[in-house]
Amino acid sequence: MTRALTPDARQALARAGLSRATSRGFSRRSFLKGSGAVIVTFASAGVMDRMSGVLAQGINGASSPQLDSWIAIAADGTVTAYTGKCEFGQGLYTAQMQLVAEELCVPFDRVRLVQCDTSMTPDQGTTSGQQSHPANFNRTNLALAAATARETLVRLASSQLGTPAQDLVAKDGAVSVKATPSRSVSYGALIGGRKFDLQLDPKAARRHPREWTVLGTSVPRVDMRAMATGQFEFVHNVRVPGMLHGRVVRPPSPGATLMNADESSVRTMPGFVKLVVKNNFVGVVAEKPWQAMQIAEKLRVTWTPGPRLSPQRDAYQQIRKEPSTDTLLVDSGDVDKALSSAATVLRATYHHPYQMHGSIGSSCAVADVQGDKATIWSATQSVFPTRNTTAAILGVKPESVRVIYTRGAGCYGINGADTVSYDAAVLSQAVAKPVRVQLSRKDEMAWENYGNLFAIDQRVGLDASGAIVSWDYEAWSAAKGGRPGYNTPGNVVTGTLLGLNPAPFNPRTPAPAPTQPLNNNLNTAPSYIAGRVGTSQNGAGVVRSERVLSHRVRSPFFTGPLRAPERLQNTFAHECFMDEVAAHVKADPVAYRLRHLNHARLSGAIRAAAKAANWQARPSPKPASAAGTVNGRGIACVCYEGDNGYVAMIADVDVNQGTGQVHVTRLVVAQDCGPISNPDGMRNQIEGGAIQGMSRALGEMVTWDEEKVTSIDWRTYRSLPLGFAIPRIESVLINQPDEEACGTGECSITVVAAAIGNAIFDATGVRIREVPFTPERVKAALGSRT
Amino acid sequence: MAALTLRVNGRARNVDVDPATPLLFVLSDDLELRGPKFGCGLGQCGSCTVLSNGQAIRSCITPVSTVTSADIVTLEGLGTPEKPHPIQQAFIDEQAAQCGFCLSGVMLTAKAFLDRNPRATDEQIQQALSNVLCRCFGNVRMLKAIRSYAAKGVRA
Chain A
2 MTRALTPDAR
12 QALARAGLSR
22 ATSRGFSRRS
32 FLKGSGAVIV
42 TFASAGVMDR
52 MSGVLAQGIN
62 GASSPQLDSW
72 IAIAADGTVT
82 AYTGKCEFGQ
92 GLYTAQMQLV
102 AEELCVPFDR
112 VRLVQCDTSM
122 TPDQGTTSGQ
132 QSHPANFNRT
142 NLALAAATAR
152 ETLVRLASSQ
162 LGTPAQDLVA
172 KDGAVSVKAT
182 PSRSVSYGAL
192 IGGRKFDLQL
202 DPKAARRHPR
212 EWTVLGTSVP
222 RVDMRAMATG
232 QFEFVHNVRV
242 PGMLHGRVVR
252 PPSPGATLMN
262 ADESSVRTMP
272 GFVKLVVKNN
282 FVGVVAEKPW
292 QAMQIAEKLR
302 VTWTPGPRLS
312 PQRDAYQQIR
322 KEPSTDTLLV
332 DSGDVDKALS
342 SAATVLRATY
352 HHPYQMHGSI
362 GSSCAVADVQ
372 GDKATIWSAT
382 QSVFPTRNTT
392 AAILGVKPES
402 VRVIYTRGAG
412 CYGINGADTV
422 SYDAAVLSQA
432 VAKPVRVQLS
442 RKDEMAWENY
452 GNLFAIDQRV
462 GLDASGAIVS
472 WDYEAWSAAK
482 GGRPGYNTPG
492 NVVTGTLLGL
502 NPAPFNPRTP
512 APAPTQPLNN
522 NLNTAPSYIA
532 GRVGTSQNGA
542 GVVRSERVLS
552 HRVRSPFFTG
562 PLRAPERLQN
572 TFAHECFMDE
582 VAAHVKADPV
592 AYRLRHLNHA
602 RLSGAIRAAA
612 KAANWQARPS
622 PKPASAAGTV
632 NGRGIACVCY
642 EGDNGYVAMI
652 ADVDVNQGTG
662 QVHVTRLVVA
672 QDCGPISNPD
682 GMRNQIEGGA
692 IQGMSRALGE
702 MVTWDEEKVT
712 SIDWRTYRSL
722 PLGFAIPRIE
732 SVLINQPDEE
742 ACGTGECSIT
752 VVAAAIGNAI
762 FDATGVRIRE
772 VPFTPERVKA
782 ALGSRT
Chain B
2 MAALTLRVNG
12 RARNVDVDPA
22 TPLLFVLSDD
32 LELRGPKFGC
42 GLGQCGSCTV
52 LSNGQAIRSC
62 ITPVSTVTSA
72 DIVTLEGLGT
82 PEKPHPIQQA
92 FIDEQAAQCG
102 FCLSGVMLTA
112 KAFLDRNPRA
122 TDEQIQQALS
132 NVLCRCFGNV
142 RMLKAIRSYA
152 AKGVRA
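Top line first, the protein sequences correspond to chains A and B. In case it helps, the numbering used here puts the first sequence at residues 2 to 787. In case it helps, the numbering used here puts the second sequence at residues 2 to 157.
If we strip away everything but chain A, and leave its shape as in the complex, we get:
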């Protein structure tokens, strides 16, 4: 039995012929010997101590320069690769296997991949922000390691075969002489079981996308069969011998503090093991999960009330009044003057609510803390940061904590995975036994790090020809906490309850003048401005009178990255406003965008989408009846994170003007993420992102009353179900073999709300400037139409 291992480790063991090794008695020494990897000292927890002093692949912190940290080749030719970028449903595990197979010229099924285990893999920080494709598929990290390994093998073969390297070819895990292919030597014979003992070579040649045979093809997900047959091991399924079950008791409202937790109220309940109280953290440990749930329910806890929350209906006004940290990304200095002399000035305000990750499985982790050593099975996107922050919470050294990434339910950013890892660690430390914690649905939803609330003012000046000559963006957003990183566990709820502060909030008004070239990482700047700072010009557009000013205020709730964080909110405001301006000057929305862009790849995506959708040039709105169901179309686009993926989407919608119901009938998405690693995987991401974006645009919103969050389950937080009538989705994949790899997973979701909002306007002539477009909101807007 090997069930306490990650599926990947299990698979690796099986392939290394070690499938009978047990998880707890599993010999890493033999595994690593089998894989040919480097062995350095790693101290681990619990039963693992029996073989401590052995252990693990050597990693020297951030993204190792050592080839042996990434690639090991066994005597039988099996290639084991190590990555710090993890699979959470986006298909990255399979794509990284393709990358290694392609670059090393070995068959796909000879590659095994170990992901995100602090004892074995490079520290690649966090898997997020569609950064994995650029990080590992270009000229650094995993791709460079595989290329370096291939060139090294050819060199070794050259001396062994006595043939110049240029006369050799690497193929199918062997190097052979081009002219006489029978003269060949296998990788296993060249290096099997030994270290390369080399640094990554920045000059190692990547195989060009035009040569690809494994990358660039739709290799099916290697985990699909296990998922579809209920065999896949999620972190929720990790079972460790002697494991107990914990449950946390969160405060009734943000800011509430603990007065008393009365153990006598639960001490005699079946299965009770321990009540754990630390500062405002309260948890219970029991023998079985159902018992832990009942004990947590029955536990008598008294709290002081938290501060009264400002009413939700005032939220968008309230954030304009709070102290803020102000940032100017771009300021050409002439905006006020340009606006005052413009032929026309248009303005509009956009609102976007807090939304949640709302993972379908509430977050779960298993921790085994024994003395000063700990092992955490966690679905965190950030194993090394989680290692360090967990160590701080436990009061042990980071080197004594091992975090093993084990997949959870889809996270879409920082869901409860980090906080529940802390919960499990604290409870395990208190009982000195392994403890599994899974959050309740309410604890997941009431306390996660929400996507930020935004209020955005847009203003443009037009010249007499209707061209935009000046763009003024000013936004207020609310934030608290975020990813804990390596040293701020207070950025999530458990850390704060334990008495650790979230990252400090330092108001700063006014904003200093911009000095750094525009980095449009958060898509704060619209695509249509030139983005000039000093002599740099990093914008995607042509508007040279430009100001981009942001005010960040303190949120009463934890916030953090939610798929297309801030980019989605900003893009909603930019792309809807661009549509308003085009409509005002009676221009076709596609042509008007192209006229204000100075960016070949974004323009290329727009043209590709327009062509696929058979876009007919005309201004919006289209003439329609004010009653019954009407249809319309809308476009939106973005350079994701400024330079990490280019997407355009065209939405067709039906709007029932009697009910306010919006039915999206078709989405055409054209996307350019450089050379395409796995076309079907890219399509899957486009489709999922598009429909998730629909759910967020049409229904999702965090709600609260004067004390607490009230969107705490699937009745109070509206997610589109599988039964929803979905649009036809047509994905246009723009392959760019000569460009760098950029991101895929967050592009399509970023433009959905704007594309739908623009289509609603096209259909009805009504502009909805606030997400979500619920039937009530749409109906009310239609009712106020003059």
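No lab work stands behind these hints, which were simulated from the structure alone. Just so you know, even glycine gets a beta-carbon here, dropped at the ideal spot from N, CA and C. Each statement offered as a hint is correct.
Only some residues are given here: those of chain B computed to face chain A with a beta carbon under 8 Å:
#1 GLY36
#2 LYS38
#3 THR75
#4 GLN89
#5 CYS100
#6 VAL133
Beta-carbon label-pair distances, calculated as ranges:
#7 ALA152(B) - THR345(A): 50 to 58 Å
#8 ARG120(B) - ARG140(A): 50 to 58 Å
#9 GLN128(B) - ALA465(A): 50 to 58 Å
#10 LYS145(B) - GLU707(A): 44 to 52 Å
#11 GLN517(A) - LYS84(B): 53 to 61 Å
#12 LEU32(B) - MET270(A): 22 to 30 Å
#13 THR81(B) - VAL543(A): 58 to 66 Å
#14 ALA628(A) - LYS84(B): 55 to 63 Å
#15 ARG120(B) - PRO221(A): 29 to 37 Å
Based on these hints, arrange chain B on the given structure of chain A.
Using the frame of chain A, we list chain B on its own:
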């Protein structure tokens, strides 16, 4: 605590549990099955779905004592990685998942419905899935996989 016998995936299983325990916890903890999962504990999302005498039920809100005479089938009871059930094969063929956490709810709800309504229309299939959530929003592929399974079922 009470000694109960359940019939799960064709086998009799003896457990000693509080009879009020929801079936999900008995399956996932006492029997260590991986198919049914705790998603919400409220019967709202479908992740915990199992078949009880061929009917899709939400095991997170079903006391174990109420299903002792039922034939329980979990996702892993339908087929194996080597020999998947046709609906599982359809999902594999369509690559119809991202994180995969919701699959018990999606596949077992669809299977139970189609077994009773083999000629169901697309609208009826969607109606049957109106209380099943997938937060990765694999809707396009999942509905395609279910339709493909339905089409094969009708032919058989």
